[in-house]
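Undergrad: Chains as they are written, first to last, in this note's numbering: chain A, 1 to 389; chain B, 390 to 778.
By construction, these hints were calculated from the structure, which means they are not laboratory data. Treat each hint with caution, since some may be false.
List of simulated lysine-lysine pairs, DSBU-like, C-alpha gap at most 35 angstroms [claimed, not checked]: (1) B/LYS443 x A/LYS209; (2) A/LYS186 x B/LYS598; (3) A/LYS54 x B/LYS598; (4) B/LYS598 x A/LYS130; (5) A/LYS352 x A/LYS295; (6) A/LYS60 x A/LYS87; (7) A/LYS11 x B/LYS666.
All figures in this text were calculated on a predicted structure; none of them were measured in a lab.
There are 2 protein chains.
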Amino acid sequence: MESFTFLSPTKFVFGVDTENAVGELVASYGGSKVLIVYGGGSVVRSGLLDRVQKSLTASKISFFSISGVQPNPLDTKVYEGIQLCRKEGIDFLLPVGGGSVIDTAKAIGMGACYDGDFWDFYSGKAVAEKTLPLGTVLTIAAAGSEGSESSVITKSEGMYKRGCSNEIIRPLFSVLNPALTATLPKEQTAAGAADIFAHIMERYFTNTKEVEVTDRLCEGLMLTLLHEVPRALVDPENVDVRANIMWAGMVAHNNIVGVGREQDWASHGLEHELSAKYSVAHGAGLAIIFPAWMKYTYEHDVMRFAQWANRVFGIAMDFANPKATALAGIHALENYFASCGLPVRMSEIGGKAEDIDYLVEHLQLNGGTMGSFVKLDANACAEIYRISL
Amino acid sequence: MESFTFLSPTKFVFGVDTENAVGELVASYGGSKVLIVYGGGSVVRSGLLDRVQKSLTASKISFFSISGVQPNPLDTKVYEGIQLCRKEGIDFLLPVGGGSVIDTAKAIGMGACYDGDFWDFYSGKAVAEKTLPLGTVLTIAAAGSEGSESSVITKSEGMYKRGCSNEIIRPLFSVLNPALTATLPKEQTAAGAADIFAHIMERYFTNTKEVEVTDRLCEGLMLTLLHEVPRALVDPENVDVRANIMWAGMVAHNNIVGVGREQDWASHGLEHELSAKYSVAHGAGLAIIFPAWMKYTYEHDVMRFAQWANRVFGIAMDFANPKATALAGIHALENYFASCGLPVRMSEIGGKAEDIDYLVEHLQLNGGTMGSFVKLDANACAEIYRISL
């Protein structure tokens with residue numbers, strides 16, 4: 001294990017109807033003029049927005065709104081939000097939605113407190129030192145942004161999708177009502193679960209030795225998803241099932257299971273270009289990329305893959321041939337994603353061999369590589385895209 | 390899963406030599422006049438106290454000390470600390486030690502901000518609304534007090550051992566240097582690990598249904614201990630092993646793996662009387678009580694015990710006779726504790742059948758019972774003590 005600092009200061013208010021406490025929560029953190037950030041119609045149709053607004057009003061909190069945040073959220077909406085914050089003197093941000101909405105609000109918060117272009121924080125040009133206070137109302141278990149220090153935004157000019165990590169953007173509170181996720185379409189439930197699974201695996205495949213405690217916690221989360229996600233797909237309104245997935249999604253990404261170990265994140269980098277180019281859900285893109293990444297990298301540490309295959313998928317260890325165990329695990333993951341109705345090949349979302357150059361060109365390669373389990377240069381990335389076809 | 394609120398605002402600074410950052414940490418939380426709380430000679434002999442003091446001095450922080458905190462810490466030391474805080478105008482508490490030292494400091498903090506007797510918070514007469522800010526330097530992986538909202542103190546008059554839970558006593562920071570635990574005697578390592586194991590099991594044995602995610606996280610922690618503790622006992626100076634145990638100890642008790650489920654805590658209540666009467670380490674007492682508690686309660690939910698036996702101890706499920714699986718798990722736990730050199734019978738620590746009435750008399754029975762998995766009345770408690778003989 002490596003040295004680390006871990007601080008997750010978010011208050012999680014978990015349970016059915018907890019969105020009705022949002023007014024009191026905002027008030028308890030000193031918010032008086034709120035910007036509600038949300039996506040499309042479902043938040044309106046379901047009555048959630050109405051309940052949130054009623055709760056704010058009951059706590060004498062005034063509010064403005066910005067809507068229309070899309071999956072793979074764009075910088076344009078961030079600029080719109082920053083302007084509104086400045087014009088109206090917003091003192092608290094309240095994203096009501098999933099990762100895209102929360103990530104947009106995080107970007108707005110940093111941008112509103114900064115004289116320059118907020119994109120500086122995503123391009124790596126600057127590090128934000130201040131942000132607006134922010135609480136969330138989560139509507140999908142997926143991105144983990146409700147408990148994380150990260151945000152991902154796409155620059156519309158050139159469609160560059162970039163992440164920003166900064167401890168100051170962890171939410172002050174997150175309202176997690178699993179019943180809100182009971183009406184999600186199957187493909188969103190599945191893509192969200194794949195995103196959670198990927199957050200765990202980005203941490204799991206590491207070169208750091210002696211990480212039994214975080215290995216075991218990661219495995220526990222993956223086992224949870226193997227058990228619960230198929231149940232959610234056949235019995236979508238089972239709030240108990242939704243609750244297990246929702247808490248797993250938070251724990252998977254606030255980093256309590258990832259501390260003290262090198263993490264990879266190449267698959268996320270590779271996926272970002274898929275969702276930017278093909279407008280596929282981030283989680284669906286990960287279901288395509290992760291098995292391909294594994295096929296490319298597993299020989300780097302066969303025993304780690306064999307451990308994962310054995311402990312998570314219950315594949316019997318082949319002591320004479322650990323590679324066979326590792327490969328069986330990768331196939332089990334692929335089958336699991338496919339059984340959830342997710343794409344597992346780029347060709348399923350319209351990807352073609354001739355797109356690969358474009359994808360690789362757009363990748364964010366730091367010092368010419370990405371990832372840390374295996375450092376991938378442009379050629380390696382191209383090969384992984386090829387494997388995924 | 391049940392509804393819950395979870396907030397763990399402690400900053401964990403983990404790694405070798407991290408105690409040298411304690412001055413900066415205290416300063417960052419506004420502390421200027423610190424009370425260092427510690428136990429006995431080992432903190433002095435190892436040079437830890439000296440390093441902590443140097444770090445404080447380097448940050449221009451003045452300090453006072455109170456030492457001599459014993460295992461199963463007494464109220465007398467708390468009163469001494471409260472007086473010192475008031476006399477010297479202490480504005481920050483810095484326990485350097487294990488659970489007893491941290492719990493004492495937590496009690497001092499609440500008591501120093503209260504006009505009445507601090508014991509009110511442990512007897513259930515009052516709830517603390519204010520406390521002094523507190524950070525910890527941990528020297529043993531065991532109690533989990535470095536990340537928890539609880540504290541246990543023994544009233545010397547009558548030797549009543551009582552706990553207090555209050556969110557305001559969560560530490561602001563905890564410095565976790567696993568190398569500090571490398572010199573612990575074997576029996577302390579083992580007792581600490583049993584305490585951690587017990588914290589997990591108090592959460593695991595629940596009547597709440599549909600708790601897969603916290604089940605799996607709990608199992609991951611137990612599997613970690615099964616793997617790492619025997620290694621720590623044969624290779625005590627392996628800091629990697631110590632690190633895994635140390636992080637497991639925190640995660641086991643800050644409640645991230647216990648949210649949304651009814652918890653039991655009868656074994657802790659039963660144990661408190663053992664350590665109060667026989668001056669045995671809390672963890673050693675738990676190694677005696679927990680298997681006995683299980684033998685008494687397992688028929689209440691055989692399948693939960695079978696699941697635990699199978700997933701944690703790898704005992705093959707006996708589908709024709711799940712009770713056999715459950716019992717095999719209980720015996721595996723007992724063997725595990727014994728293999729760590731811990732007592733597993735009351736008679737090993739001098740307990741006798743004729744003491745049972747005294748022990749039961751001292752128990753804290755709320756409304757006549759304790760625990761929640763199975764509600765135990767005085768007779769049931771006596772029976773568990775009898776089983777443990």
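Undergrad: Each of the hints needs a verdict: does it hold here or not?
TA: Against the structure, the hints come out as follows:
no.: 1; hint: B/LYS443 x A/LYS209; result: holds (33 angstroms)
no.: 2; hint: A/LYS186 x B/LYS598; result: holds (24 angstroms)
no.: 3; hint: A/LYS54 x B/LYS598; result: holds (33 angstroms)
no.: 4; hint: B/LYS598 x A/LYS130; result: violated (43 angstroms)
no.: 5; hint: A/LYS352 x A/LYS295; result: holds (19 angstroms)
no.: 6; hint: A/LYS60 x A/LYS87; result: holds (20 angstroms)
no.: 7; hint: A/LYS11 x B/LYS666; result: violated (40 angstroms)
Hint violations for this structure: numbers 4 and 7, all remaining hints satisfied.
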